[in-house]
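Engineer: Below are the chains, spelled out letter by letter.
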Amino acid sequence: MKGEFVRLAVKDFQIQAKSAKNYAITLLVFLAVFLLMNPMQYHMALSMAALITLYRFINSTMYEDEKNNTLRLIDSLPVGRETVVKARYLSTGILAVALLIILGVVTAIIDRAYGNDSAGLAICMFLFYVILMSVYMPIGFRLGYIKAVNINRFIFLGIFMIFGFFSALMGNLARQQGPDPAEGSIMLPADMSPVLVMALFAVVTFLLYIVSMKVSVVFYKKRELF
Amino acid sequence: MDVVLNVDGLVKKYEKFSLKEVSFRIPKGYIMGFIGRNGAGKTTVIKCIMDLIPFEAGSIQVFGLDSRQHSRGIRSRIGYVSEEQYFYENMTAGWNLDFFGGFYPNRDRDLAASLMKKFDIDPSKKVSELSKGMKVKLALALALAHRPELLILDEPTSGLDPVIRNELLELLMEVVQDENCSIFFSSHITSDIEKIADYVTFIEGGRIVISDEKDAILDRWRLFRVESRYGSAGLAGRLTGVKTGEFGFSGITDDPEGFVRELKSKYPDARYTMEKVSLDDLLVRIVKEEEA
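Protein sequence lines correspond, in order, to chains A and B. Under our numbering, the first residue of the first sequence is numbered 2, with each subsequent residue one higher. Under our numbering, the first residue of the second sequence is numbered 1421, with each subsequent residue one higher.
Calculated directly from the structure, the hints in this document are not laboratory data. The beta carbon of each residue, even a glycine, is placed where N, CA and C say it ideally should be. Treat the hints with care, since some could be wrong.
[As the list claims (entries may be wrong)] Within a straight-line C-alpha distance of at most 27 Å, the following computed BS3-like cross-link-like pairs (lysine-lysine) qualify: (1) K68(A) x K1555(B); (2) K1546(B) x K22(A); (3) K1615(B) x K222(A); (4) K1708(B) x K68(A); (5) K1537(B) x K1433(B); (6) K19(A) x K1433(B); (7) K223(A) x K1436(B); (8) K148(A) x K222(A); (9) K1440(B) x K1708(B); (10) K1615(B) x K22(A).
[Unchecked claim] Non-contacting residues of chain A with respect to chain B, defined by C-beta distances greater than 12 Å in every case (computed): (11) V11; (12) M45; (13) L72; (14) G94; (15) M126; (16) G159.
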C-alpha cells in the first residue's frame, strides 16, 4: 500500500519533469511582465508564480492521466482508487510545501534588500491559493480534467469578482466614514503575532486540504471510468 | 477438475443492452476462447470479471474467491490486456513496464526484461513511437511479468496484421504450456480462437449460446445443405441459422442424426450434404438465428 502510494506520487513528478523547461519559461515570462508593470509588488508576483506552478502541475497530471486513459489501466491493477487519490494529494502537497518554502525564502531575501516586510503576506496569499486548489481537485476527480477546468474558470472568475466587489465596497466605506470599517476587519490579526496568524492559516489550509482529499476519494470511487 | 473462473448467472443491465444470466467456467490450465461479434457483450463480461464495473445479479468466482470481495487479491494473480492499450505515451516502454509492473507483488524484473527482449521491444523507445502491434506486445509483457495464474485478453489481436497475430497466438500457446496459467481470450476473429482454444464460449446479444470444449463443439455441430423441394417448415425449424437460396436451404444443428432421421422419414430419397462446421460458420449462423 505504502509502496503503491509513493510510486504513484513519484510518477507525477517523473512525468512532469519532461516539461520542466516549459514550466521555467512560463514562470520567467510571467515574472518579467508582472515585475515590469510594478516592481515593488514582487511579493504578489512571486505568490502568483507559485500558484501558476501548482495549478499547472495539478492540471498537467490530470491531463496526462486522461489523455492516455491510464486511469483505466491503473484501475485494472491491484491498486485501490483511494490510493490513486491520496497519491495525487501527496505529490501536489509536496510541491505546495516546496513552493511555500521557496516563496518564503525568496521574498524574505528581496524584503531585506528593499527594507520591506512582505514575506508573511506572500505566504498567506499562496496558502489562500492552496485553499482554492483544494476546492478544485475534488471537481477534477469527480468530473475529469476537461469539465473540471471549465468549471474552475467560472469558480476563479466568481472568486475574483467577489473579491473585487468586496474591495470596492470597503474602499467606498472608508472614503465615506473614515478608516474604521477596514481597521475593524483587520483588528484581530493586528493584535496577534504575524507568525501565529501565518501558522493558524497554514493549519486551516492543511485541514481543508485533508477534507478535500476525503471528498475526492468519495468522488473518485463513484466515478465511472469504463 | 480445478476451475479458475466460474461465472454464474451474471446479469448486467444498461439502457440499451444487458447481459442475460451469463454462465460459464474455465478449467485450470486451459485456453478458453470467448467468441461473439462486436457488441455481443464480450468486453462487458470481462469488465465484470475484473470488477471494473458493477453488476446487478449473479456471481463471479476467480480462483474460488468472490470477484467483488477479493478484487485486489484476485487482480494481483491476473494478467489483463484490454482492447485498447493505455500507457503514458511520452514515457519510454521500459519506464511504463517498470511503473505499472511495480504494482504486482510477484513482479519478476528479470522476466519482464527477457519478455521485452523476446518481443523485440526497445525499452528506451517512447510508447508514442511504438506500432499498435508493439503496444499489444508491451501490454502482454506487463500482463505476463508477474507470472499470472489467469490471463484475460480482451480482443488483443484485433487490428493487427496476420503475421503479428500469429506471433501472439504462438506466444499464448507457449504461456499455457505452464499448466499453472489459464487463458480467457475474447475475439471476434474465430480463426484465432480455432487455432489455440481448448474451450469455446459463444455470446450473442448478451446471452451465452454455446459453451463447451472446442473439439466437442466441432464434432457435434454439422452444416446441412438440403435441396429446396424438401424444404418443409418443419425441417428447416430443426436447423439453426437457416439460409434459403434458389436451390435449397442450409443450416446447422447439434443433432445431425436426428435431423437426418426426420428428413429420411419424410423424404426417403432426399438429397442433402452434411459438412463439418468451422467456428466461423457457427458464429455466423448463430448470429443469424438470434437476429431472426
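Engineer: Given the hint that K1537(B) pairs with K1433(B), does the C-alpha gap stay at or below 27 Å?
Structural biologist: Roughly 43 Å separates the two Cα atoms, so the pair is violated.
Engineer: Mind checking the alpha carbons of K1546(B) and K22(A) for me, to see if they're no more than 27 Å apart?
Structural biologist: At roughly 19 Å apart (the allowed maximum being 27 Å), K22(A) and K1546(B) satisfy the hint.
Engineer: Is K19(A) within 27 Å of K1433(B), Cα to Cα?
Structural biologist: violated (43 Å)
Engineer: Does K1436(B) sit within 27 Å of K223(A), going by the straight-line distance between their CA atoms?
Structural biologist: With Cα atoms ~22 Å apart, K223(A) and K1436(B) stay inside 27 Å; holds.
Engineer: Holds or violated: are the alpha carbons of K1708(B) and K68(A) at most 27 Å from each other?
Structural biologist: violated (39 Å)
Engineer: For the pair we were handed, K68(A) and K1555(B), check the Cα-Cα distance against 27 Å.
Structural biologist: holds (16 Å)
Engineer: Mind checking the alpha carbons of K1440(B) and K1708(B) for me, to see if they're no more than 27 Å apart?
Structural biologist: holds (19 Å)
Engineer: Just checking, G94(A) versus chain B, shortest CB gap more than 12 Å?
Structural biologist: About 21 Å separates G94(A) from the closest Cβ of chain B, which puts it past 12 Å; holds.
Engineer: Quick check for students: does the CB of M45(A) sit more than 12 Å from each CB in chain B?
Structural biologist: M45(A) clear of chain B: closest Cβ-Cβ about 34 Å, beyond 12 Å.
Engineer: May I ask you to check that M126(A) keeps its beta-carbon over 12 Å from the closest beta-carbon of chain B?
Structural biologist: holds (33 Å)
Engineer: Would G159(A) pass as off the interface with chain B, using Cβ distances and a cut of 12 Å?
Structural biologist: G159(A) clear of chain B: closest Cβ-Cβ about 34 Å, beyond 12 Å.
Engineer: Is the Cβ of V11(A) farther than 12 Å from every Cβ of chain B?
Structural biologist: Contrary to the label, V11(A) does not stay out of reach of chain B, its closest Cβ about 9 Å off (not over 12 Å).
This entry does not satisfy hints 3, 4, 5, 6, 10, 11 and 13, going by the numbered hints stated previously.
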